[in-house]
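Listed here are the chains, written in short residue letters.
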Amino acid sequence: MTTAVIAPDALFEPQPEELFEGNALAHKGDKIFIIGCLICGTWVLGPIGLPLIAWGMVLMRRAEKQGVKIRPWAITLIGGFILVDTTVNFLAWGLDLFPAHDTSIGRSLWVNYGQLVDGGYMFHYNHNSIGGVADSGEKSVQIGMVLMAMPIKLAAALGFLRMKKWGLQWTLISYWMYFTCWMIYMPNILMHFPERFGSSDFGVIGFWMLVNLPFLGPLFLLPYLHTVRRDRWT
Amino acid sequence: MSDLLRWTVSLAVLGGLAWLWYVIVSNLTPFEGTLSPAQVIAEQEREVRFATLRKVTVGLDIFFFFFIVIEGAVLPAYLFLHYGLH
Numbered sequence: 001m002t003t004a005v006i007a008p009d010a011l012f013e014p015q016p017e018e019l020f021e022g023n024a025l026a027h028k029g030d031k032i033f034i035i036g037c038l039i040c041g042t043w044v045l046g047p048i049g050l051p052l053i054a055w056g057m058v059l060m061r062r063a064e065k066q067g068v069k070i071r072p073w074a075i076t077l078i079g080g081f082i083l084v085d086t087t088v089n090f091l092a093w094g095l096d097l098f099p100a101h102d103t104s105i106g107r108s109l110w111v112n113y114g115q116l117v118d119g120g121y122m123f124h125y126n127h128n129s130i131g132g133v134a135d136s137g138e139k140s141v142q143i144g145m146v147l148m149a150m151p152i153k154l155a156a157a158l159g160f161l162r163m164k165k166w167g168l169q170w171t172l173i174s175y176w177m178y179f180t181c182w183m184i185y186m187p188n189i190l191m192h193f194p195e196r197f198g199s200s201d202f203g204v205i206g207f208w209m210l211v212n213l214p215f216l217g218p219l220f221l222l223p224y225l226h227t228v229r230r231d232r233w234t
Numbered sequence: 235m236s237d238l239l240r241w242t243v244s245l246a247v248l249g250g251l252a253w254l255w256y257v258i259v260s261n262l263t264p265f266e267g268t269l270s271p272a273q274v275i276a277e278q279e280r281e282v283r284f285a286t287l288r289k290v291t292v293g294l295d296i297f298f299f300f301f302i303v304i305e306g307a308v309l310p311a312y313l314f315l316h317y318g319l320h
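So the sequences go chain by chain: Y and G. All residue numbers for the first sequence refer to the numbering used here, where the first residue is 1 and numbers rise by one. All residue numbers for the second sequence refer to the numbering used here, where the first residue is 235 and numbers rise by one.
Keep in mind that the hints were calculated from the coordinates and are not lab data. These numbers come from a predicted model, not from an experiment.
Only pairs whose alpha carbons sit at most 20 angstroms apart, straight line, appear in this in silico DMTMM-like list of lysine to aspartate or glutamate:
id	chain 1	residue 1	chain 2	residue 2
1	G	289	G	277
2	Y	65	Y	21
3	Y	164	G	266
4	Y	164	Y	231
5	Y	69	Y	21
6	Y	165	G	277
7	Y	31	Y	64
8	Y	165	Y	231
9	Y	164	G	281
10	Y	139	Y	102
11	Y	31	Y	21
12	Y	69	Y	231
13	Y	165	G	281
14	Y	139	Y	195
15	Y	164	G	277
16	G	289	G	279
17	Y	165	G	266
18	Y	28	Y	64
Turn these sequences into a full structure, and let the hints guide you.
The following block contains the structure:
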């Protein structure tokens with residue numbers, strides 16, 4: 001995959017020969033940064049992904065010091081956050097939706113999560129025709145997120161980081177989609193309060209700490225995405 | 235189906251979905267058109283006008299970035315150590 005870590009307007013300026021090495025460094029740093037974000041999104045491999053993210057940022061910083069014009073750091077951080085957040089949701093819910101829910105590790109992960117936070121995952125797990133979580137509302141949101149919203153958001157984040165116009169536009173669209181899913185998800189989970197929160201070890205507090213706080217990302221990112229300079233995405 | 239096959243199928247389907255949507259999304263710009271010079275100036279002015287809002291959102295973004303990464307590294311290990319296998 002080609003990454004456009006170099007700011008688009010710099011691409012049209014003649015690049016002095018001494019900057020070739022810096023450009024290569026910036027591209028390498030960007031690739032390592034993106035791979036690190038995707039690995040962090042797997043959760044379990046987070047300790048491996050974090051050093052990769054840091055190393056990618058160090059390489060990009062070195063390239064910047066050599067005079068290479070790279071994209072603004074705020075955009076890199078925002079794009080990285082979107083990648084991590086998206087991969088987490090896509091992979092975790094995807095593993096509950098697809099056959100991995102029948103494996104001992106997959107089943108244990110979700111039933112354990114049910115015991116810790118959301119009891120909906122603890123009761124009747126793998127007992128309906130689709131498998132995975134048995135709550136119909138949860139499954140509906142999950143299907144929408146895994147089959148559509150999350151892969152769109154993932155692709156959009158990659159385009160956003162490559163400074164593509166479609167990347168910015170699809171990031172905005174997918175974040176509004178994400179926000180809508182969150183609005184559906186909240187009443188759905190709260191309407192079965194005794195089963196979902198009353199039965200787990202950490203209930204509402206655990207839910208806010210582990211799930212809902214990171215889900216607030218769209219609320220914070222949407223104002224940013226609507227006030228960026230659109231002319232930077234070509 | 236063995237556990238390994240189930241994991242392979244699940245990850246392959248997720249990879250296929252991600253690839254399919256990437257192909258669609260990267261070939262479909264929702265709003266075509268370029269900005270006029272006056273619009274570019276307006277974009278620059280807006281960026282300056284909302285400087286505080288942008289600083290706050292980037293700050294929160296960095297907080298959540300590390301929050302999710304650290305949570306992800308700790309949570310699965312805790313779940314298996316505390317509750318075991320089912």
